[in-house]
Amino acid sequence: MEQVHQPARMKHLQGPHLNQCPGKSCDPLALEEELMSASQLEEEEENGEGGEELDPDLAPEVEEEEGGEQEENDLGDPAVLSAVHNTQKGLLGSPGFKAPAVLGMSPASLQFLWQAPDYLAPLPFRPAFPSARSPARHFGPRLPSPDPSLLCSPSTSWPLRLSLPSHLTQLHPQHQRILKQQQQQEQLGRPPSPSATKPWSQQPDPYANLMTRKEKDWVVKVQMVQLQSENPCLDDYYYQEYYQKLEKKQADEEIHGRRNRVESLKLVTPYIQKAEAYESVVRIEGSLGQVAVSTCFSPRRAIDAVPHGTQEQETGAASSQRLQVLDWIEKMFLQLLEIEEGQKDGPLQPCDSEQHSNQVEKLFQALKTHKQNTQEEAADGFLQVLSVRKGKALVARLLPFLPQDQAVSLLLTITHHLPLLVRRDVADQALQMLFKPLGKCISHLTFHELLQGLQGLILLPPGSSERPVTVVLQNQFGISLLYALLSHGEQLISLDSSLEEHNRDRTAWTDMVILTAWEIAQMPTASLAEPLAFPSNLLPLFCHHVDKQLVQQLEARRELALIY
Amino acid sequence: MNYMPGTASLIEDIDKKHLVLLRDGRTLIGFLRSIDQFANLVLHQTVERIHVGKKYGDIPRGIFVVRGENVVLLGEIDLEKESDTPLQQVSIEEILEEQRVEQQTRLEAEKLKVQALKDRGLSIPRADTLDEY
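Those protein sequences? They're chains G and E, same order as listed. To convert, note that position 10 of the first sequence is 10 in my numbering; the numbers rise steadily by one, no gaps. One gets my numbering by counting positions in the second sequence from 1 and adding 564 to each.
Since the hints were made in silico from the structure, they are not lab data. Please note that a few of the clues may not be correct.
As the list claims (entries may be wrong) - In silico lysine to aspartate or glutamate, EDC-like type, Cα no more than 20 Å apart, as pairs:
#1 G:214 x E:577
#2 G:180 x E:622
#3 G:221 x E:644
#4 G:180 x E:600
#5 G:221 x E:600
#6 G:214 x E:642
#7 E:645 x G:205
#8 E:581 x G:496
Unchecked claim - In silico negatives: residues of chain G with every beta carbon more than 12 Å from chain E:
#9 249
#10 366
#11 396
#12 404
#13 508
Cβ coordinates follow ideal geometry from the N, Cα and C atoms, glycine included.
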């Protein structure tokens, strides 16, 4: 039998089935009979199935017959109990039985359950509850139930043992151990530890269920209403993530051969139509002041005291520049989150994709030209963003969305200022996160663009005797980026044989490679950083262009570097 | 029955024996009979338990209705383990006497402390003169 996911299963447990038997009253005895008869039905079906895990699809059948059965029952307790007990024992032997997830109860204690009328899942919440049945009814036959969160009736006065909270409740480890221990004890048929059993505990609690089912449902309803939200992924992020992880784990467990899939419950708040948004303050055109409209939701809201967003003006001298950059990053991050959110929902609809690309474009422009006038200042602003860890994260996450030309411009800016970035990154060591998206961008570079990038790295900047590449080689991100660029270049050349030998670009390329090789060889091995990825076509590349001795040196370096 | 998976709810605690700690420091023990959305509690066969040192005394109080905001915490009592305690139960009169004595010693110690501070020119405002929040 297939396990249908809990919420879907519940769809057919609709209105009239439950609790609507003719002549039903809140009379405990009537309910008791109802429960017992239903239980008996279930047991028969159980036994017929040969101890298989009870399929919840049986539930509706049981419930439908409930009405007819009500007159017939005249079961005495012992008969039921023994039947249930046997089934219980039988089911205990079934494979995949998972002790902790299940209720354990001695037969004697079952007696108390029958006494106390349980309340069944409330009508309005049927879709929300996976087991819209009395827990007591299912108690015995349902031991290896797929639903570990089935508690026995909360309305009994029997102690802790029965009420193992759902697996979603966190118990103190010691507490959990004690509960498990007790369960196991009971499963073995032993009575619980023989401390003085108080006389009153053997008798039914005459004050039980002062709070009726309806009242409990009402409280739950109020609580549910308070929890509902339009956007649970945002409002209730941690619970949703946790639940997904849990489901995934269970799916994995199921795949790995555990027969009984313990399905976990999810909190599903009922969808209640929100009251139509009303204007509590009415403005009449052309009049001064406001007319207050009061309703039962807000009887006293007299004026519209909501500030209508004027952006705070930056007081120039007071706020430091760093704060400005941080503030700017935050604003861009919000835009980025919107973009990611839009994409997360699935493949883009054609109507959405335009909006999406607009958003991306807007963000890119914001990134590139934040109140900067000249080209140089723009680059400076971008570098400031990159100097902050969050800014690096922003760029790393934005890159996949950008069209190639924009991504390339960012890449070139980065390579041109790599030594500076490396120096500023000493504290964070966060440049690594840029490697993957940049790597992807590199693999689509044209030869010319590639050369530009390399030249920025390798050629001597004016007024300095040190090549930027020296600093770059000592940094992990830098060296990885450099290798990635070289590797891509080599790949381009080997693929595209139309590039003439004496092409200017080609000679420039060769120069780059030689210079790089020389720099690597110059650098003491200890200072060479370990690249994040060492492309396989690098050594052949060097072989092509440099003499053998140098290659051997390089190889030695590489091996030593790899050992580290 | 797990009405609300993933949440904490008092529904499952109904008709069970609980220990409730109130904000004013009182400890109540009773059967939780009814709740509402504010966690107001109706406790049945309530007993107020006073602890002094290793002794305790129970004062039967009947039915309590506790406003939710005054509850610090509450927890279910394991009826089996209830008697398993190293504490010694004494009569009400005795425990009240003990409590009075303890209160007195505390006040005296407090007075001494305040006096000592005053002598040194310091003052700590007393808790009851501070705003509760």
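Structure-based check of all given hints:
Proximity of residue 214 of chain G to residue 577 of chain E is assessed by CA-CA distance (about 16 Å); at most 20 Å being required, the pair is judged to hold. Of the pairs offered as hints, the one joining residue 180 of chain G and residue 622 of chain E is violated, with about 32 Å between alpha carbons and a cut-off of 20 Å exceeded. A threshold of 20 Å between alpha carbons decides the hint, and for residue 221 of chain G with residue 644 of chain E the separation of about 34 Å lies outside it, so the pair is violated. At most 20 Å may separate the alpha-carbon atoms for a hinted pair to count; residue 180 of chain G and residue 600 of chain E exceed this at roughly 31 Å.
A C-alpha spacing of about 11 Å is found between residue 221 of chain G and residue 600 of chain E, which places the hinted pair at or below 20 Å, so the restraint holds. Annotation: proposed proximity of residue 214 of chain G to residue 642 of chain E is violated, straight-line Cα distance about 27 Å (limit 20 Å). For the suggested pair residue 645 of chain E and residue 205 of chain G, the alpha carbons sit about 19 Å apart, so the restraint of at most 20 Å is met. For a cut-off of 20 Å, the pair hint linking residue 581 of chain E to residue 496 of chain G is broken: about 82 Å separates their Cα positions.
Listed as outside the interface, residue 249 of chain G is consistent with that label: its C-beta sits roughly 15 Å from the nearest C-beta of chain E, beyond the 12 Å cut-off. Every Cβ of chain E is farther than 12 Å from the Cβ of residue 366 of chain G; the closest lies at roughly 39 Å, confirming the non-interface assignment. Distance to chain E confirms residue 396 of chain G as a non-interface residue, since its nearest Cβ pair spans about 33 Å, more than 12 Å. No Cβ of chain E comes within 12 Å of the Cβ of residue 404 of chain G; the nearest lies about 44 Å off, and the non-interface call holds.
At roughly 62 Å from the closest C-beta of chain E, the C-beta of residue 508 of chain G stays outside 12 Å, upholding its exclusion from the interface.
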